[in-house]
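So the chains spell out like this:
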Amino acid sequence: MDHPTSTFDLLTRFQNGERSAFSLLFHKYQRRLAVLIYYKMSADLRGHVEVDDILQEVFFAASGSLKGFTYHSPGSLMAWLSRIADNAIIDAARHQNREKRNPEELLPFRSESNPHGAEPVDLDTPSRIFARQENVVMLLRKLDALPDDYRKVILLAKFEGLSTSEIAERIGKSREGAALLLHRALKRIRELEQAEEAK
Amino acid sequence: MIGRKPHPNDEDGVPEGARSPERERAIAMALAEYIDRSSREEFLNIESFSKEYPAIKDDLLPLLQSLNAMDETFHDECRPGSNGQEPLPQSLSSHRILGEIGAGGMGRVFLAQDEGLNRKIAIKVLNERFSKEAAVRSRFMEEARALAQISHPNIVAIHSLGTSEETPHFVMEYVEGTDLFRATRALTIGQRAELMQKIVLAVQVLHQHQILHRDLKPANILVRADLEPKLLDFGLARRTDSDLRLTIFGEIVGTPNYLSPEQTTPERNLDARSDIFSLGTILYEMLTGELPFSARSLAQQLESIRKDDPTLPRRLNPDIPGDLQDICLKALEKKPENRYRSAQEMADDLERFLAGEKVHASPTTYANLVSGKIAQHLREIEGWRRDEVLSDGEYEGFRKQYGRLVEREDAWILQARRLTFPQVSLYLGAWILIAGAALLFLFHFVSLSGTPRVAVALCVTTLTGWQGLSLWKKGLLRNGIAHLLALCLLIPVSLLVAMGEYHIREIVAANPDWELLHNVSQKFKEITNVQIWWAIALAMPCYVWLRAYTRSSVFSLVSSIMGATLCMVTLARMGLVDWLNNDHGKFYLSLLPIAALFLACGFILESLKLSNDSRYFYPFAVSLAFVALSGLAYDYTRLQKSLNDLLPWTRGSVEYLFIANAGIYFVLQTVLGRSTLPQLQLVAKAFRFVIPGHVLTSLLSLGHDSIALWNASQGNIALKREARTFEILLPIVAWFFIYASIPKQMKNYFVTGSLFLMIGIVRLQQDIFQDRVRWSVVLMILGLLLMFSATRYSSIKMSVSRLFRRPS
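Chains A and B are the protein sequences, given in the same order. When we follow this note's numbering, the leftmost residue of the first sequence carries the number 1, and every step to the right adds one. When we follow this note's numbering, the leftmost residue of the second sequence carries the number 1001, and every step to the right adds one.
A few of these clues could be false.
[Said to hold, decoys possible] Label-pair ranges, simulated between beta-carbon atoms: (1) R1096(B) / D9(A): 40 to 50 Å; (2) V137(A) / R1145(B): 30 to 40 Å; (3) E1382(B) / D144(A): 51 to 61 Å.
Since the hints were made in silico from the structure, they are not lab data. Predicted model only: the values in this text are computed from it and were never measured. Beta carbons are placed, not taken as given, at the ideal position from N, Cα and C, and that holds for glycine.
Taking the hints into account, I'd like the entire structure generated from these sequences.
If you want it as structure tokens, here you go:
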């Protein structure tokens, strides 16, 4: 339901030196990206690092290099952020492994896994980003209930904002196969919603 | 899981026809079309989209609804960025809303028209997400109320508060301008400094109202066309006296660049100096166009703020004046106590800079920079020495040179090294001050005597001390030290004035001639040795205290000099003047315990790892020892007499005593050289250094004397033998010293030895081998042989060792 040019507008404003545009971009994408990050993280890493920390890292990295980002197509910013998120998660996992060896080396922000870290900016731990967001939690519950391949196709379509041919490429199917998978995934979501309403 | 059979219940609830694979395929392709179009951020109405597929509309629409429900999950917040999602309110506080001009973590800012006054205003509205939370809401209003207390041209003005019925908001002045970073680009360095000064003063006003900004950054500072800056957005501002803390997730993202080191660590109480750091970062960016701390990840960024020294601004832009760089680095000190204590101090320094005066800032960065790099280089050099790339001598040379730069604790030395106009004036002033004070105790002044004179002296002393300590505490180290050094001399001087005026401990020595001052000039007041002794003795604890307080070893220098003076005065009380007139030997003898005392002091201090202090005591020990031993040998007739009595063949010659001294030095260097303390080893080296000079000069002189005696005695065989012995002994001993240079790398052994070897050879030529060309030929062959053996050293050594090993 985005305004067709809003991302492009904000990007242009930021690249012209209007720094507050970044904050707007951040708010526009933060939740969607948070859900993506949540599912990109391994269960082990999720137990140690918070989605919020990764999200902060992603936006920090983005703020540094967004000046040089070229807007190719509407979905390209999200795809770009998603790639940064992949790197941030790899870094966090590496850091996590190192931390297991040197427990004195700490993550930047305070969290359950890191009680002596710097104080986070908001205090609703855990997963501050999802806190106060009943419907986000419900969405996560639905996504959690999906089989892996269903969830993957929904994340690619809805959260990374990819086109069907891009999705097909990612999951190694034909465009039609991807479309069918998405169809089934959505039907399952629909059922879950109906079950929820019935309750 | 991919390619798995559909779940058996997948088809449940779907009309009969939907089960056909064709229908499923059709729905899937319609979905694909929808996904593709919305991935191009095309706005699609799902109702009308489904109408395009009438056959499958009933199946398609619910699926699209589910899909869109996810979108709503992300838009529920109605972020301003999701343009148009949240409608602009028609009016707030009965002002017509014209549009949105900004948004942050906490809320949005609208542009509105104040119809009554016909002007544009800005309205800051708390985000709906928070407006229901009482703590956030009251915090938001508190911020507005606190700001409303302040009326300052460079701080955004608050006009009114919203009523409790409406969304929480407040009305403030609308500032037309561009953000600081963009405004700065076209300005000269001077204009930037001027702009910065206004900002710093505005922050000072906030601090005076107990408000910490905590989020100072160029985006929060607008600059109007007339170059007047305005501080905005106090989203993170909090009153210093309350512990309410409110920060919103997201606020930090993208802008941790301006945080202070203490903001990056938890549970640190922030104060005004945290804002000073942010101001330093802003100034740095304004001057260089770059951030002082930047890294690729957030964690590294925070680490960099905590640990890294920024690149010197002048490295990035050589046009930046050194003084402005000093101000910037002073604000960017890692430890809050090293920064400006208040924004006012920083503004004052900027004022000084703008007025072309010397600024007060003296950042520790330079010292850290120098010592950090040097410590690193020293470690490298140490490694080179271990790997025998460098000789010990070269290593020592580097270490000594660098050592002077590395003295970290004496940061003021770095500042004081350059002779500038204020620097020279400072020292000259101190010197004149002391001279003036000294006149007070040295001379009679009719118009100023008794208590007034004491009061004047005490006043000057107290003032100097107070000024010195407060300058030191302010971090003006160089000026502080100069005052405190003056104080060191003023304390005994004012004590002397007081003792003179009140006749305290006015005990005249048994012999009035022994009085030191009286000996120097008859015109001086009658200050007794006892008084001088007490004045210095009472001042000594002050020096020790100053050393402990300032951690500056220069006060150890003062202690050692005054200590030496005290020892001299002690000797004076024991009859020094008398000895100097009648019995020199006794004077030299009395120097020995003083030398030992200083050696012990140096040793104790160095053992306590106070090597910066001990180095001021050893030179006294060494030079007193030399003076005492040489004086005893040369001037103590009783010693010469007893030598003559004991060993008549020496004829009591001074030279034998000097050779004995060389023996003492040898013992001393052997004993002290065993220590691991580096400075004590230097002392040992000093003693070792003089040995060849003593021995060879004495031998030469003894040879001279015996030849003269032999010539005078007209053929005394014993004297002839003695003269010949010395003549041969001299080159042999010189030869010995030349090779003795090897173990301890004593180059002076080699040089002195070579010199005296040459003298010995020439004397042999003159006396024994006169007109014998064979002597010179033998010398040449010997020289060639030595040079040849040197080139074949290892093979000769091997064959010699084989020669000796074979029989065993």
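Is it true that the C-beta distance of R1096(B) to D9(A) lies inside 40 to 50 Å, as the hint says?
-> Given a distance of about 25 Å, which is not inside 40 to 50 Å, the answer is violated.
Starting from the hint 30 to 40 Å, judge whether the C-beta atoms of V137(A) and R1145(B) obey it.
-> The hint (30 to 40 Å, Cβ to Cβ) holds, given that V137(A) and R1145(B) are roughly 36 Å apart.
Measuring from beta carbon to beta carbon, are E1382(B) and D144(A) in 51 to 61 Å?
-> 60 Å, holds
Violation of the numbered hints given earlier is confined to hint 1; every other hint is satisfied by the structure.
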